[in-house]
Structure formats: structure tokens, C-alpha cells
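Engineer: Residues 28 to 401 (this note's numbering) are what the sequence shown spells out, left to right.
None of these hints come from the bench; they were simulated from the model.
Being a predicted model, the structure only gives us computed values, none of them experimental.
No false leads were mixed into what you were given.
Pair ranges (Cβ atoms, derived):
#1 D271 - A84: 24 to 32 Å
#2 A138 - Y166: 25 to 33 Å
#3 F78 - H380: 26 to 34 Å
#4 D80 - R283: 48 to 56 Å
Below, simulated DSS-like cross-link-like pairs (lysine-lysine); rule was C-alpha separation at most 25 Å, straight line:
#5 K284 - K300
#6 K346 - K73
#7 K143 - K219
#8 K346 - K268
#9 K284 - K307
#10 K268 - K323
#11 K284 - K268
#12 K322 - K268
#13 K284 - K322
#14 K284 - K323
#15 K346 - K323
#16 K219 - K157
Using N, Cα and C, we set each Cβ at its ideal position, and we do this for glycine too.
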Amino acid sequence: MNAPLAGIVVVELGHSVAAPCAGLVLGDLGADVIKIEKPGGDDARKWGPPFLDGASATFQAINRNKRSVVCELRDPTQRARLVDFIVAHADIVLQNLRPGQADEVGVGAAALLAIKPSLIYCNIGAFGAKGPLSDRPGYDPLMQAFGGIMSVVGEEGRPPVRVAPSIVDQGTALWGVIGILSALHSRRDTGKGGVVDVSLFETAAAWMVMHSAQYLGSGEIPMRHGSGANGIVPYRAYRTKDGDLVVAAGNDGLFRKLCGVLGFNWFEDSRFKTNPDRVKHAGLLYQLMEAEMLKKTNSEWTALLDAAGVPCAPVQNVKQMLEHPQMEALGLLQQVPGSSQPLIGLPISFDGHRPLPRSASPALGANTAEVLGK
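Sequences and hints are given; from them, build the entire structure.
Structural biologist: Set out below in C-alpha cells:
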């Protein structure tokens, strides 16, 4: 399969997670991604243990298919070489430097588009391009807090809990890629590039779209529901004999089937007839279900629920997830040339074929000379 972005050159002025994740997606899709690093390297190289092949496992996971160039942006000579490379070769620049830093050192959108109007420049910011907080830095946990995500994660009455995967960083990366691909499509017709702005706060707020609508529609601040969901019952995890199982009976028909599996006619009870009834009496219904779910194992319940057509899934740890036959069937865990360990690939396929990684994450500065010259 031909990589869709083959021939596209990306300069990643990125560090930590957000911009590197955007560069990862573009690289996996075939773009030539040039990762610009400070002399000490991306801080994420040291985010360990564990370490893998000379850098942290986190860094290795999000920096494959890239070339590493060390460039001190405050050094006029080195910066001039980088700008010359961008003008001569780059289609896209993406950056998540400290707010204002790219402009300070002369590699911001305005400066580069003035000399190369066809360039697509993606700013990955913290709080956004404008507003009273636009000059503040930000990280994933800060935005999970500020954006309201922590207010609905975990269990009511317990301390705030962060969603462990960096959903704000990675989500912002995906919005950046969507903006970049849209700008590439537009440039094909107009010949002009432009600026794409995304930010961690905007992504966090966007993740809260349904909770925000629920608040605006009711005036009630959404609460924490543990493994459950606001407005749908029963729709959560239950302790079984040997683990935990999520059961998602998200409509009246599925609830009737679930009752059949459990051996009760709760669907005839006026308190449980419709989803709004079940939401109102969720505490009682969950108490009844919890007592029943403890009587069988995950596999026993899964067999019964699958046969009845009720969606369910065991709560797996990472090892169980990676070793599941579904992972193998999809080929989602991929061997990476130059890496001693496989990594999870891009969650997208074209005509049944998933893009294959071309190279492991680069050593710091491995490609400085070939890109910027000696």
C-alpha cells in the first residue's frame, strides 16, 4: 500500500506528548517527519523507568518514523539553517513550544508564512490562541482538571481522579492532524497554506460535550458515576466471582434480555420499566444486580450475556489486552524496525491494510547533519 502522505515533509517543533503524537500519526501515514530537539533532547526521552532501547518507553511509543535534528533555536546560525530547510522542503510545521516562544525566536507562523505562503503551520497550545490565559503553559492533568473532566471521573465523595491515558494531549494531537489534513486539501486547490490552531483546553472542553449539554439542559451539575454513565442505567462494571465485568444494557430491549439472563422480571417493575425510571432508581437496581453478578465468573456471565445479545466486556489489564486473540487478529501490535519491542500501531486501515512502521524512534541528533548540514 502506498502511504497516503508520502512526499509530505513535516517539521515537528515538539516535545512531551501532544505535538509528538501528531507527528507520529503523520509519520505513520507516510510523511517525512523531522523532529527538532533542544541539545538536551525532548524531556520525554527521560520519562522513565521503564526505558527501552536507550530512551523511555513513553518516548519510543510516540516518536517512531521520525528523524531527529538537534537545533538550538536561540542560536542565529542554527536557526537560520532550520528556516532555510523549512522554506526549501517543508509542507507542514507543527509546534507545542511554550506559549510565545516560537515567535520570540523567529520560527512562529507569521514569520514563516511571510516567506513561504504555502506552508501549513499548526500551533498546539495550552489554553488557546486568545483570551486571558493564552500565555499560560499547560499539561494533560492540568487540562483534565480545568476542563471539567476530573469532576466527572471516579466515584462520588472520593478525591479527583485523572483518566490515566493522556486523552487531552492525544486528543489535541488528533484535532491538529484533522486541521492539517483539511489545510492540505484546501492548499491543493488554492496553493495557499495557513495557520491551524488547536489547544489542550479546547480539546478538554470538547470531551465534555455531552456532560455540558446535560448541564445546560437541566441546570444540574453532572456527578461522578465510577464505571457507569450519567443518564443510562444499567451501564457499568460489576464485581463477579473472579473479576469485573462491564454490562451495557443501554435500552429497554437490552434490559429485558438482561433480566432474562439474571432470571428476574424486573422489567415489569414500575421503577425499572423505562430508562428514565431506572436512572431514578439506579441505586436500588444496582444493588440487586451486584448481588447476582457475584454468583458467576466473568467467563460464565460473558457466555450467557453473549448468547442473549447483551453487550458486555471484562475489565482487562494491559497484559490481558495485548495478549487477547482480537489484538492478534487485527495486527494492531506491530513489529517496529530497529526496536527490540513491538508497539501499538495506527488504529486505522486502508483497504484492509494497516500502515506499517518504517523505523524506530531516532537517537538524539541522529539526522542533524543530513538536514541542517555540518
